[in-house]
Every structure is written in C-alpha cells, then in structure tokens.
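There are 2 protein chains.
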Amino acid sequence: MKIPQRGLGNVSFDEKSGMLVLGNKYSKRYYMNVAHTRKFMQTLLVASYCRRLVEEGRHAGIRELYYALKHTITGTRENTFEDQVESNAIAEDIEVSLDLLREQLNLTADRRGYLYGDILIRDGEDEFNASRLGRGGWAVPGTVEDIAFPEVSAEYILVVETAAMADRLIEEKFAQKNGALIVACQGQAPRGVRRLIQRLHVENKLPVIVFTDGDPWSFRIFASLAYGAIKTAYISDYLATPTAEYVGITASDILNYELPTDKLNEQDVSALKAELSDPRFKGQFWTNEIELMLEINKKAEQQALAKYGLDFVTDKYLPDKLGEMGLM
Amino acid sequence: MKIPQRGLGNVSFDEKSGMLVLGNKYSKRYYMNVAHTRKFMQTLLVASYCRRLVEEGRHAGIRELYYALKHTITGTRENTFEDQVESNAIAEDIEVSLDLLREQLNLTADRRGYLYGDILIRDGEDEFNASRLGRGGWAVPGTVEDIAFPEVSAEYILVVETAAMADRLIEEKFAQKNGALIVACQGQAPRGVRRLIQRLHVENKLPVIVFTDGDPWSFRIFASLAYGAIKTAYISDYLATPTAEYVGITASDILNYELPTDKLNEQDVSALKAELSDPRFKGQFWTNEIELMLEINKKAEQQALAKYGLDFVTDKYLPDKLGEMGLM
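So the sequences go chain by chain: A and B. If you're matching positions, the first sequence starts at 2 in the working numbering and goes up one per residue. If you're matching positions, the second sequence starts at 2 in the working numbering and goes up one per residue.
No lab work stands behind these hints: they were computed from the structure. Worth double-checking, as some hints may not be accurate.
[What the hints assert, rightly or not] Distance ranges between label pairs, derived from CB positions:
hint	chain 1	residue 1	chain 2	residue 2	range
1	B	R53	A	E56	56 to 62 Å
2	B	D321	A	A90	30 to 36 Å
3	B	Q177	A	R52	24 to 30 Å
[What the hints assert, rightly or not] Chain A side only, calculated, beta carbon under 8 Å to chain B, not exhaustive:
hint	residue
4	H60
5	Y68
6	D124
7	D127
8	G137
9	G138
10	I148
11	P151
12	A164
13	P261
14	K264
15	L311
Ideal Cβ placement from N, Cα and C applies to all residues, glycine included.
Use the sequences and the hints to build the structure in full.
The following block contains the structure:
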C-alpha cells in the first residue's frame, strides 16, 4: 500500500490554488514487513468497514468505527486497536489514499453550527426553506454530501463565529433584507460547515464572507475556512474556499469604531507573531492588521459593536464594510 | 431593593417538588448606602435596558447587554461596569427578584443543541414539522418563550448527550418508529434546551428520558435537567423536570452488555464520591450505580454500544431499557 504522508513536512502553501496542500512524499506499507503488519491489518479492517457502510447506505462516527472494530484477535492477546487515535489515523490514511473525503466513505464528523437564510434544502424526502424555521435555523449535520440545493435565492454566505451575533442578525432580519445566508459556525468551523460552504461556493457561485471576533484565534477560523488547515491539508480541495473574504473585527475596526476591548494575553501575542510567518496570512492586509493589533495590544469581540446599540451592526458596521467589498 | 440570595447557603433540595430551590434569605440594597450605591445604579441600568428590550420586542445576549451598558459616567472616572461578571450577576439578581426567567426579559442565553421528531413548531409566521428537516434537525434557539407547539405527535422526549448518538438514532429512524422526540444537548444542556424540555413536559405531558455517556459528568447532565442546578436553583421551576428518568449508560450496563470502557481518572472518582452526598442522587438506584462504578473503576461512552453493530442501540439496548420503563 502506498499512502501519501500527512505530516507537516509534506504540507505547503500552494500559490496557484491559494490553499494548503500535500506534497509528493509517500509512505509504503507492506504486509510481510513485521513493522508494518499491524497497520496493514488495521487499514484493511477500516477499509472493509467503510465499504460495508457505503453498501448498506449507513453512516458511522469515527468513535463508532473504533468501538465496532476493536476486538482481541482470536487465538492471540493482540487487540486490533488499542486507542481511538490509531483508528482515526487509519481513517485519514484511507481518505488521503483514495483522494476522497471520509464523509464520502460514510464516516461522519462531529457536528456544530446552524444555517439561516433563503435557500431550499433537499435531504432525502425532505425539502424545506432554511429561512422559514423560526429563529432556530437549520442544524447543519456532520455530513452534507447527499444534500441538494434545488433553489438558492441568497446572494452570498455570511459565516458568523458566535451564535449570539448570528442570532442578532437573524432577529434584525439581515438575511431577508440583504440576501445573506447566515452560517453560525460557533467557534472553529466543523468539517460539515466547511464542506457546506465550499459546495455552495463552487456549485452556486455564492461569495463567502467571514465575520468573527477580532483576535488571533478568530483570524485562524477565517484562515482554515479560506485556505485550509494543516491537519486537513490533504482535503483542502473539498473544504477550503480561497476566495473567502474577511469582514472583521479587525484591529483597524477597534480604532475606527472605538470598540470596547480587552488586553492581549501572552498566548494571543505569540499566536499573532506566529501568524506573521504563516503563508495564509501573507499580503499587505493581514500583515498590517496583525502588526496593528500587536501595537495597540488590544482585541475585541463581535458583541462589542452593541456599544452603539443593537442595530449598529446591521445598520452601520456591516453596510459600511460589505459596501467596501461591493456586496451592499 | 430586596433581592433573594442565590449563594450555596440559600440553596436546598426540596423534597416535595423534587428540585433544588432557593430558601428565604434576602439581601437588601440601599441607594443611600455608599457600599450599595454602585450595585443599586447597576441594577437600575440593567432593569431599564430590559424594559426597553421588551418594549421594542428585541432580544439581547448578556454579552451585548454588558457592552451596551458599559460606559464611563459623565464627569467621573467611574465605569458603570468593569467586567461582564458584574452585569451577569445583576441580570441574575433581577431574574430572581421578579421571579421571571431572564429570557422573559428578552435576555437570551447562549445556544447549542438540536431537535428532531414529529412535532409542529410555530415561531412567528413560521410553522414546520421538526421531523421533515432532513438529517439536520432544528437548531434550538437560546430563547424558546415565544415558540408554540400546535401539534405534538411524538410520545416522549429522548434527550441525548452526544450529537453522534442523536445522529445514529435519526439515521435508524428511531424517532419515526418509536414516537420519540430526539433532543441532542451536546454536553451540559443549555438553558434553551432545558426550558424547551420542561415546557413540552408541562404543556404536552411528554415523559422525559435522558440518555448519556456512563460517567459522573454525564450523571450531572441528567441531574441538572431533572432536578435543577445550584447556579440556577432560583429558576428550577422553569428549567427542571423532576420526573425525568435516566436510561443509561449505567455501571450495570457496562457489566450486563460487556461494553468497552476506560478507567476512571482522579477527577472522575472524586466527582462520583461528591455525588454520593448530593441530594439529587439519593435513592437506591443512584447509590447502587455510583458505588458500582467506583467498584469496577470503569466508565463507558454511548458510542461503546457500536461494539455489537450500529443498530444494537436501536434494536436491542433502547428497547430493553425503555421496555423496563414501560415506554416501548
């Protein structure tokens, strides 16, 4: 078996596609090499389990996969897997070898996040408009491979980091008034959310705008969505949307809007410094914003905009910033 | 102003209602007492902000409330609030003084969790059936006060700790086949989810069944849902459902079904020991299960049931256990 390496040494930023991608380094796994036999066996176990899932039209979480395959091999004291770390790694090996998403092998990732806006979603026999689900919105499942979008009236995707801000936009009818499809990722965007956004961008040509807190960790939420993450560099094709744009909160916003702030802590400072040499943050925009944040030594949250009233974000901040991007 | 105390010294377990409740201790807050003036001012600020929210029919998060009210008082160097901890505490003071949920004052809590099953939900002009939203389900909002349930065909609520298990039940059509309304709480149940469950129990007489991992922290997820939590003892009336029943995973399940386990760590052991003297866990069932878990020194996850195949939980485990409860 020939398996592309997924380690940092085989990950690089591809200028052409604008994504983190894998290089050409491979590992080989031999059945007859004692050092490889265990992993060889594990790879076949996971692969055949996935095949069964696809044949039965069932999905399983990677934790279920682990428990389903863990057993003591008859006549030995050897366990197939000692720890979920082992089976997770094998699932990723198979993903990268076949150049498929694990979701396409019916392995689901953990889920979080919801969606609100004028889009018709079809899943199996169900069809519904995600702007007609009250203030709740549609909970995005871990796997969105089988979902179809028969009608998309929203004009762009607005990814929002916090549920509180997404709910503010929903209450102010920002989706209806501005043709936005609001996607709340509730922290680092899970795979289902990243894949949904990428599919809507590729299949329906929706521009993607990202709106987060103004701190180094939120910048990384944007970067993973846009350019991919090291851990999932081998599937950036499926998960990344390199044309995604960042709306804020930026260090400039903190100054321009005189936002309430908190001081950077040590972790914040070193995260910002690391970002200065991260290829995903090169270019004048990010260099300026990161250096400015280090200089003013302050960060701010999306909710800080409430200083000027609850509707400031929908009546002033987003129109200003999206206007500059040509979206409003 | 007379404000009921919310500290541990004023919280007790009420045998009659089966919930954690507040006692009769009050604090008084005087405008003319210099030690009280600051809190007095803060209380009026938050109260009048809530009044405006209700009048305008708007909702705000407690973080938005903080940023909206934080400012330097004209002619002084004094800030209205230094930290969100201050404004959060005042919001709770007002909640307890008025014997109202903060959600009824249009302050929303953070949200998480989703719902799937045969129930018609009405929110404003929207009306939809939560079993027709594909595999995603309905994302439960932070505030469920204004939501109506015009038609409830589900026969009981099955609260599920992990999204992975909730999704397993959704995929196996457990909701359709067994009249269950599946509520994924994704960890400790947020206020919106607890209130939704309590309302459906009180208004529609749905029994509530809780299905979590088998460890001390999951036991607490059940206890908070059923009997309330210390932090929110003053609103147990609104959030707790004392007739809720626990289906598993129990220590007995670990033995009876020979489930894959992990060893208890130090924190697990002291949490279990603390539960032995927690009034919410008194009674033979919990005493036995907690002591058994300490004895076998093992915990297990919901997903561990996948050892016997993905449909073991829907074809064997839940029918067995719910059968004992008279629900299947």
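Cross-check of the supplied hints:
no. : hint                         : in the structure
1   : B:R53 <-> A:E56: 56 to 62 Å  : holds (59 Å)
2   : B:D321 <-> A:A90: 30 to 36 Å : holds (35 Å)
3   : B:Q177 <-> A:R52: 24 to 30 Å : holds (28 Å)
4   : H60                          : holds (6 Å)
5   : Y68                          : holds (4 Å)
6   : D124                         : holds (3 Å)
7   : D127                         : holds (5 Å)
8   : G137                         : holds (5 Å)
9   : G138                         : holds (5 Å)
10  : I148                         : holds (7 Å)
11  : P151                         : violated (13 Å)
12  : A164                         : holds (5 Å)
13  : P261                         : holds (6 Å)
14  : K264                         : violated (13 Å)
15  : L311                         : holds (6 Å)
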